[in-house]
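Protein chains in written order, with the working numbering: chain H, 1 to 262; chain P, 1 to 262.
The reader is advised that the hints may include incorrect statements.
Dumping the calculated DSSO-like pairs for lysine-lysine here, alpha-carbon to alpha-carbon at most 30 Å [claimed, not checked]: (1) LYS180/P with LYS138/P; (2) LYS155/H with LYS180/P; (3) LYS155/H with LYS130/P.
Label pairs and their in silico Cβ distance ranges [unchecked claim]: (4) LYS238/H with ASN190/P: 54 to 62 Å; (5) ARG102/H with GLY157/P: 32 to 40 Å; (6) GLU247/P with ASP220/H: 58 to 66 Å; (7) GLU30/H with THR140/P: 47 to 55 Å; (8) ASP161/P with ILE4/H: 53 to 61 Å.
Because the hints were derived from the structure by calculation, they are not lab data. All values reported here derive from a predicted model rather than from experimental measurement. Cβ atoms here follow ideal geometry from the backbone N, Cα and C, with glycine treated the same way.
Protein chains: 2
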Amino acid sequence: MRVIKRSGESEEFDPKKTVNAMVRSGASDEEIKGIMEALEPQLYDGITTEEIYSMVRRMLQGRKAARYSLKKGILRLGPEGENFETYVSRLYRAEGYETKTRQFLNGRCIKHEVDVLMTRDQERVMVECKFHNYLGIKCTIQIALYVFARFLDVKEGSNIDRPILATNTRFSQDALQYGKCVGLELLGWNSPEGNGIEALAERHRLFPVTILDMRKSDQDILLDNHFILVNDVLDRAKDVRRLLSKESAESVIAQGNEILAC
Amino acid sequence: MRVIKRSGESEEFDPKKTVNAMVRSGASDEEIKGIMEALEPQLYDGITTEEIYSMVRRMLQGRKAARYSLKKGILRLGPEGENFETYVSRLYRAEGYETKTRQFLNGRCIKHEVDVLMTRDQERVMVECKFHNYLGIKCTIQIALYVFARFLDVKEGSNIDRPILATNTRFSQDALQYGKCVGLELLGWNSPEGNGIEALAERHRLFPVTILDMRKSDQDILLDNHFILVNDVLDRAKDVRRLLSKESAESVIAQGNEILAC
Numbered sequence: 001m002r003v004i005k006r007s008g009e010s011e012e013f014d015p016k017k018t019v020n021a022m023v024r025s026g027a028s029d030e031e032i033k034g035i036m037e038a039l040e041p042q043l044y045d046g047i048t049t050e051e052i053y054s055m056v057r058r059m060l061q062g063r064k065a066a067r068y069s070l071k072k073g074i075l076r077l078g079p080e081g082e083n084f085e086t087y088v089s090r091l092y093r094a095e096g097y098e099t100k101t102r103q104f105l106n107g108r109c110i111k112h113e114v115d116v117l118m119t120r121d122q123e124r125v126m127v128e129c130k131f132h133n134y135l136g137i138k139c140t141i142q143i144a145l146y147v148f149a150r151f152l153d154v155k156e157g158s159n160i161d162r163p164i165l166a167t168n169t170r171f172s173q174d175a176l177q178y179g180k181c182v183g184l185e186l187l188g189w190n191s192p193e194g195n196g197i198e199a200l201a202e203r204h205r206l207f208p209v210t211i212l213d214m215r216k217s218d219q220d221i222l223l224d225n226h227f228i229l230v231n232d233v234l235d236r237a238k239d240v241r242r243l244l245s246k247e248s249a250e251s252v253i254a255q256g257n258e259i260l261a262c
Numbered sequence: 001m002r003v004i005k006r007s008g009e010s011e012e013f014d015p016k017k018t019v020n021a022m023v024r025s026g027a028s029d030e031e032i033k034g035i036m037e038a039l040e041p042q043l044y045d046g047i048t049t050e051e052i053y054s055m056v057r058r059m060l061q062g063r064k065a066a067r068y069s070l071k072k073g074i075l076r077l078g079p080e081g082e083n084f085e086t087y088v089s090r091l092y093r094a095e096g097y098e099t100k101t102r103q104f105l106n107g108r109c110i111k112h113e114v115d116v117l118m119t120r121d122q123e124r125v126m127v128e129c130k131f132h133n134y135l136g137i138k139c140t141i142q143i144a145l146y147v148f149a150r151f152l153d154v155k156e157g158s159n160i161d162r163p164i165l166a167t168n169t170r171f172s173q174d175a176l177q178y179g180k181c182v183g184l185e186l187l188g189w190n191s192p193e194g195n196g197i198e199a200l201a202e203r204h205r206l207f208p209v210t211i212l213d214m215r216k217s218d219q220d221i222l223l224d225n226h227f228i229l230v231n232d233v234l235d236r237a238k239d240v241r242r243l244l245s246k247e248s249a250e251s252v253i254a255q256g257n258e259i260l261a262c
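Same shape as in the complex, but just chain H (with noise of 0.2 Å):
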């Protein structure tokens, strides 16, 4: 049986691909074998990886189906790069820095828009967001390269410590060798390693409200007004119940609870 990309190019279904994807997620042995046993007659030859996603999205549960939708989740932020370092900001606020995004800095040289501005015990740091529309590309040399060069000019112009980079993707072997060489600090997937961005946003059960299993419409008009957690959904449930139709507002915080309670 064949499956189809998003690429669009088609390549034979591997079981195994489905089966690592939950156990990343925390599924348990058999929860996966209970899974794999309901997915298969539902399965066709040329059916697109993105349906076997959904259907296996929507047979785990609660902060399983989190973990599992979360590069994906990050990824419904773009297209645009600002969602993603509005989500940074927030994980950073987790970890005790007081931020604040898209701030315009002097540097020695020249003002420089700076995507995370944060500090936390006298120590001011700079973030950097690149916010990638495609997985499987890596944020390459020549990125942190430009960021630490930003960051030199900015250092003297408005005393700031450290800088920080961070993607939503993996970084080259390049990148990753040169940011420990300099001091540039990298966060994105599973970056520093075991400490990434999916463990910021486990640790500090902060997740994308575009995980949630939504129409794409539904996912637009929260995004269009500032819910960018699972949690806003929980906090601002009343202007969700305004926003969506019933049915959609009632599921979307369910969901939401499910996620969070555990």
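Using the hints provided, position chain P relative to the given structure of chain H.
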């Protein structure tokens, strides 16, 4: 009468633009008057700016035709950046540098590929080339920052004294200000003012082979065989005659002679 631009948009024909381009190429008032008169009966509603450009190009003589075609000629060295890197290295060779293209150099932190590595009187200079496939856009501050950070790393690892960023367009205001402030030399269209890439080309009579009037397929053959400059056509006329049809070869060689003679 309306003309169709490269972008597909149409606009009212403005003879001033055509006149100005000829003024910049060094044509006399009389010449311009003659060309505009010859042009007029050939214009029609819906003509492309590209066709007008070609007609004017054919009516201009020698060095003026070269100047008129330079920006577009450099653009035709693409779509990849390699030919532009070679062109830039040939310009600097005329300025007395020894040059090597695409060299791998150790930085303090990582290894870098440097587009042009140059030496002159003990001084070692790196040139990073940024080739744009569209005119009208500007080389951004991101590129300038990135190149400067690369220089800082290579400087320590490989004793590089100073960096140059070369492009085939203009620079953004921020990039110009930053370059001046940190000591990153910017070579581009009319950068430095009055001494940009077009001035270097003119001073040393180094024009890209792509300014000559010929079929795209002939252009591709010449570029694939490492003809980068008009001079290369004259230096290797025998090869040109072997590679192109008799008629094309003689036309190209005659044009080259005319441009370099005056």
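Now for the hints, and whether the structure bears them out:
1. LYS180/P with LYS138/P: Cα-Cα ~17 Å, so holds.
2. LYS155/H with LYS180/P: holds, 18 Å
3. LYS155/H with LYS130/P: Roughly 27 Å separates the two Cα atoms, so the pair holds.
4. LYS238/H with ASN190/P: 54 to 62 Å: holds, 59 Å
5. ARG102/H with GLY157/P: 32 to 40 Å: holds, 35 Å
6. GLU247/P with ASP220/H: 58 to 66 Å: The hinted range 58 to 66 Å holds for GLU247/P and ASP220/H, with Cβ atoms some 60 Å apart.
7. GLU30/H with THR140/P: 47 to 55 Å: holds, 54 Å
8. ASP161/P with ILE4/H: 53 to 61 Å: holds, 54 Å
In terms of the numbered hints stated before, the structure departs from none.
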